[in-house]
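Dock chain B against the given chain A, drawing on the hints supplied.
These are the residues of each chain, in order.
Protein chains: 2
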Amino acid sequence: MSGPLEGVKIVEFTSVVLGPWACQILGDMGADVIKIEPPAGDTNRHLGPHNVNGDMSALFLTCNRNKRSIVLDLKTPEGKEAALKLAAQADVMIHNFRPRAMDRLGLDYGTIRKINPDIIYCATYGYSKKGPYGDKGALDDSIQAGSGIAMLMSMVEGEPRYLPTILADKTTGMAVVNAVTAALFYRERHGRGQEIEVPMYETMVSFVMVEHLWGQTFDPPIGKAGYTRLMSLHRRPYKTKDGYIAVLPYWDNHWKTFCEVVERPDMLTDPRFRDMKTRLANIDVSYAETGKALAKKTTQEWLDLFRPTNVPHMVVNTLDGLIDDPQLTETGFWQMADHPTEGRIRMAKTPYNFSESPTEIRRLPPRLGQQSAEILREAGYSDDKIQQMFDRSITKGPSS
Amino acid sequence: MSGPLEGVKIVEFTSVVLGPWACQILGDMGADVIKIEPPAGDTNRHLGPHNVNGDMSALFLTCNRNKRSIVLDLKTPEGKEAALKLAAQADVMIHNFRPRAMDRLGLDYGTIRKINPDIIYCATYGYSKKGPYGDKGALDDSIQAGSGIAMLMSMVEGEPRYLPTILADKTTGMAVVNAVTAALFYRERHGRGQEIEVPMYETMVSFVMVEHLWGQTFDPPIGKAGYTRLMSLHRRPYKTKDGYIAVLPYWDNHWKTFCEVVERPDMLTDPRFRDMKTRLANIDVSYAETGKALAKKTTQEWLDLFRPTNVPHMVVNTLDGLIDDPQLTETGFWQMADHPTEGRIRMAKTPYNFSESPTEIRRLPPRLGQQSAEILREAGYSDDKIQQMFDRSITKGPSS
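Chains as they are written, first to last, in the numbering used here: chain A, 1 to 400; chain B, 401 to 800.
Only chain A is shown next, with the shape it has when bound in the complex (with noise of 0.2 Å):
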């Protein structure tokens, strides 16, 4: 069993994050995934790290395991052809070119369809094609800054910024699995493919106004966008006596729990205080005299007094403590792995649990056009035209 996409073919022209990291999730949950990559391959296999080879990189590595590689320059005849027939035997293909660039190359959905109607065509790139922006290149910070993330930003720091995260790039890779998800059932149950697009820009609006929206959600507004307590400047984790740590009372029984615990029963009788509405129309002074109580012991006395309780607590973890997290550990989250070049690697294990489809990490990212020759073999290429597309640069291995 590998996943509950298991026999979904898909076919993946995409380079950076959004598209192979979307393309890993559909591969993580079975999906068989090919990575179509130009001669240079995707630039990504060059960004950050890497032990063995320059062209297995970090970032690279956590966004292409569950796929098989194979190089096609599709500026030649030949490549493209065996593009062509990629897509005729797929059932789904995944796109981040422009969509003029798509057209030029020939690899839009209206010839696409003419050689495998039923095939789900998914396109995701910068803004939807319908609107003014249409063609706009972009990255994700460009789309930070037009989504108002970076001004958001200004509203806590005075100045905007962009997030510390790939947010656009990832969130829009997320939302390209959930539609092509719901396309397959719906090819499933109703036999019939569909041409989608998912734009990061319109994406992240939506997703940033889940909780911003706020006075504009009416009309006429009755107040500004932005989700004030979001914003407090004392919404942070607390400083303890040697450190740091995240505690929320935020219904009303977390908070008589936390002023107990606080030994503060004038907060809990403080008229300001007394339910969550009063508590969120003065968030900044509530964040501040939570803040002020919380200074007063260590993090491991707080954790060890907030244990048992229901107000929800964490420690703050750095990155690099996440490696050896107790719940990662004892859940098997970091998966680790003997790469045949790249030496041991780290890899996250897939979040979600499915208990009658389990997922797995069946391929370990590959090599530049590791399996070039055995996907066009399977297209139905002989030998011999294998060798000469391998002879003519029209394809590649990782050792030619």
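Subject to a maximum C-alpha distance of 35 Å in a straight line, what follows is the list of computed DSBU-like cross-link-like pairs (lysine-lysine):
1) K536/B <-> K296/A
2) K129/A <-> K697/B
3) K796/B <-> K277/A
4) K277/A <-> K256/A
5) K256/A <-> K530/B
Pairwise CB distance ranges (calculated):
6) E588/B <-> P117/A: 14 to 22 Å
7) P671/B <-> E159/A: 29 to 37 Å
8) T76/A <-> I515/B: 55 to 63 Å
9) R707/B <-> E159/A: 19 to 27 Å
10) H234/A <-> G643/B: 25 to 33 Å
11) G106/A <-> K656/B: 21 to 29 Å
Bear in mind the hints are in silico, worked out from the structure with no lab data behind them.
Quantities reported herein were computed from a predicted structural model and do not represent experimental measurements.
Backbone N, C-alpha and C define an ideal beta-carbon position, used for all residues, glycine too.
Leaving out everything else, chain B in the frame of chain A:
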């Protein structure tokens, strides 16, 4: 047509953001979602500004369209019996109670599968129940603290803080949609349901570490975790003469064009900026020099200069500015509707475009218990029995 998941019946036992937003996405994609609420309603009904009714606040409205609401007091035998009846008729059940709480309620997978062996039963909560944190409570902030996000901010700012968006809830919500739609595909193909667990903590660590695993991708590690570029002090929208702009000369061809447009040939020949790799090694000075170059003209002047080029660039939108954004306006992103009780409301459309199974907003966010009677009738209850349940406060409607 109402989306790729038309015909799928989902019962939702969730509140706040994670579960409700996930179920809204499933409803947006066509599923018939029944939201089972306690007599006091989803607590988020009271979160954020409201126009008419206090239990129809902003954050409830953005997470609860395309579903129907029924009130059931699960602490009464009759309320629980009705919940079991609804679960028996559903394709999918989603809850966000902690494992022990769901056992106590008698709505655990073991019980539900006895009355509906093929159900897809998805539980989403803080930490995988298999680990030592398994029954710990969680809120968005505590998961941000646990999963390294708060400390990531301290690498940028000097002190840990939470991101100003409910990242853990929303990302895990999308993960729920991923897992549930994949399981729906599996059930359609193989005829079997299953239990799914989608824990927030594990989902967020996996999300954060896509790019931040970095040197820890290898064992032994060849460096620390953390993608350095994202922590650069100068990685932010650049100041222009009169505002801000996002400009990202990322690839080598972008960089060349950028240096020409800003008339800085020295930056093109500077060995520190020769290619992507050297620019990444000198990321702080590379960003700083880019910023200096962009300080010399107004935002509009730069937009006009960069528009004809391939360099990714973007205006830096405020949240309120998104309401009138030209791309969003032209693509019909903001959908306005006259809510029968709350006045005119604004909603973001589903950002995915399906050519064959388009989605639409079929139902506006319901008042508490708006469809209590209708749903009980569908479940086979007689009008007399329904009236008794209203009389005994086991269920209620908006006017009761």
